[in-house]
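Single-letter residue listing:
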Amino acid sequence: MNHIETAVEFSGLTRIFGDFTAVDQISLAVGRGEIFGFLGPNGAGKSTTIKMLCGLLTPSAGSGTVGGFNIMTEAEEIKKNIGYMSQKFSLYDDLTVEENINFFSGIYRVPREKKRERKEWVLEMAGIADRRGALTKTLSGGFKQRLALGCAILHEPPIIFLDEPTSGVDPISRRNFWRLIYAMSREGKTIFVTTHYMDEAEYCDRLALIYRGKIIAEGTPTALKQEYMERDVLEIEVEQVVDALEVLEQSGIETAIFGSVLHATVTDAGQESQRIRESLVKAGLKVVRIEKIVPSLEDVFVTLIEVS
Amino acid sequence: MFERIKEMVVKEFSQVFRDRRMKAIIFVTPILQLLIFGYAVTTDVKSINTAFYDLDHSYESRELGRRLEASGYFIITGTPSSAKEMGDLLDRGKVLAVLQVNKGFGRDLARGVPTEVQMIVDGTDSNTASVAMDYSTRVINRFGKEFGTRAGIQRVVKPARIDLRSRAWYNPDLRSRNYNVPGVIAIIIMLTCLLLTAMAVVREREIGTMEQLMVTPLKPVELMLGKTIPFALISYFDMALVTTIGVFWFDIPIKGSIPLLVLSTAIYLLSVLGVGLFISTISRTQQQALMATFLFYIPAVLLSGFMFPIENMPVAIQYGTYLNPLRYFLVIIRGIFLKGNGIDILWPQMAALLLLGVVVIMTSSLRFRKRLG
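So the sequence lines, in the order shown, correspond to chains A and B. Going by the UniProt record's numbering, the first sequence opens with residue 1, and the numbers climb by one from there. Going by the UniProt record's numbering, the second sequence opens with residue 1, and the numbers climb by one from there.
Since the hints were made in silico from the structure, they are not lab data. Don't take every hint at face value.
Under the rule of at most 30 Å between Cα atoms (straight-line distance), these lysine-lysine pairs were calculated in the DSS-like manner [what the hints assert, rightly or not]:
#	chain 1	residue 1	chain 2	residue 2
1	A	80	A	115
2	A	114	A	80
3	B	6	A	115
4	A	88	B	339
5	A	114	B	6
6	B	370	A	214
7	A	114	B	370
8	B	370	A	119
9	A	88	B	84
10	A	137	B	6
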């Protein structure tokens, strides 16, 4: 295998907790410089996988490398080459911004002459240069998130693991955060990110969908939409969404609520839309519109999960 | 390695000194405990409330009562006129002792006929009771020698209904404070060290920074040292604080060698830090750590000889105390403070403590590493 091109790869990776298989023989390869999105609902095994790759959890079975180092035997080397940030934004709340940076800088053995420069970089990146003396607990979610990221990559690791990095952060901060991730990816860093936000998944170069410990789909966002959505998606706007859902499910049509509308997955949009309209009207519901749409990743996701 | 440990220690100190609760544990608790044991909790027996049940009303009986009071150990606070009233005073705890002088005491004394007085002591608090009996014996004997020149007074001390177990008093003339303060130092170090170590580790686990640290190249041994060195230093600081106040405020003597004290404290801290780490491996939350700390701390203090002598405990429990680091350290610290013992006398305790410490810290480290892995 080519270590220059592959940043993370693993096969047969398994983790069993008691009689529960959290991660079940999954295999993946992530290329250098890629933004790789690891998607799945809560409890699907995303965090467990990331923890095994970072050396926080020992795999029950399987093999793999991170940055060319064996995950079973070279955890110490891996730790020098990765940055890891979890959804908890693990910082010391009772230390100041600057103290947090200094501490992690020391733990990562950032060379003395680079410490200052890296500190300023983090403060700048997180946009908190003027709050360096403030206690970390006084920062808002978005700033804390970026500071946590900064502290996790003080040592400029080539591979960055982000475990639901945007949970609990407002939309603008999320957008800014992704801008940062893009910038880092352009610098050649590999980013392995888990999320359950579908809009974020669209930002990734490649995706893997994990469900109940197994990878059920893999590919670029576009490929996933094409490959896994051979059927059409109809967006149905009705006044009584819940009643309509019931009607459609009774007539055997795969339907899910998307905000205020329904998405029905059908084999042929042209034929089915008329049939759907009729059955809804017959049930006494008022149909505002039915149209064929380009499926979103969320549609793909819902379909894939329903299939498995 | 040193760089990282230094970072950990610096961080730990910044956190501790920014946390009100931690600061209270470090500064307030030791001083408070010292003041309580220095002033309030005294096992010295004096001013025992005593009833004088005088049926004789003679010059001699009144003189005996006066002598008893003059000794300084007894204060006559009641003069019951009937046996029922006397019993009542004891029952209600108004008095702890009763001196009963029967009719004919003065007459018999004058005649030189052997006579009796009765001292009844409330044996509920066995320590005080036995001391009171000792003191009264002395007073009455002296009185008897003086007044009974023509004949002896036979004195009978009848204990109250409760069985009195006499206890070998450490040193009746010594102020109990001198005995308590070194012990207080030992238990303060234990509490501070246990609490701080267990809480600091568990807190990191709670807020998720432990996980964050585990993905850094920080080695488990560095993490462990970084988490224990600050609290060992703080424990030393507390020891110095309490000792200074003890010596300069309460006039507690240090007869032995201070370097020996410092050395044996280091040995003692091995076990205490070990237990603290162990607690951190079995606790998920800070509340659990707090509970576990006290679950260990209270029996450790009660079964150490700090308040109750180990020799008085059931044999099985006596064997159990061999696993209690405080047991050894109390002997060492009291020996150094009060008796001026050197290593020639204290080495068995020190060796046992060292062995215990090494075993505890090794076990805890292994568990700690495993828990991280």
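Taking the hints in turn, this is what the structure says about them:
no., hint, verdict
1, 80(A) <-> 115(A), "holds, 16 Å"
2, 114(A) <-> 80(A), "holds, 16 Å"
3, 6(B) <-> 115(A), "holds, 16 Å"
4, 88(A) <-> 339(B), "violated, 55 Å"
5, 114(A) <-> 6(B), "holds, 19 Å"
6, 370(B) <-> 214(A), "holds, 28 Å"
7, 114(A) <-> 370(B), "violated, 34 Å"
8, 370(B) <-> 119(A), "violated, 33 Å"
9, 88(A) <-> 84(B), "violated, 73 Å"
10, 137(A) <-> 6(B), "holds, 24 Å"
The structure shown violates the earlier hints numbered 4, 7, 8 and 9.
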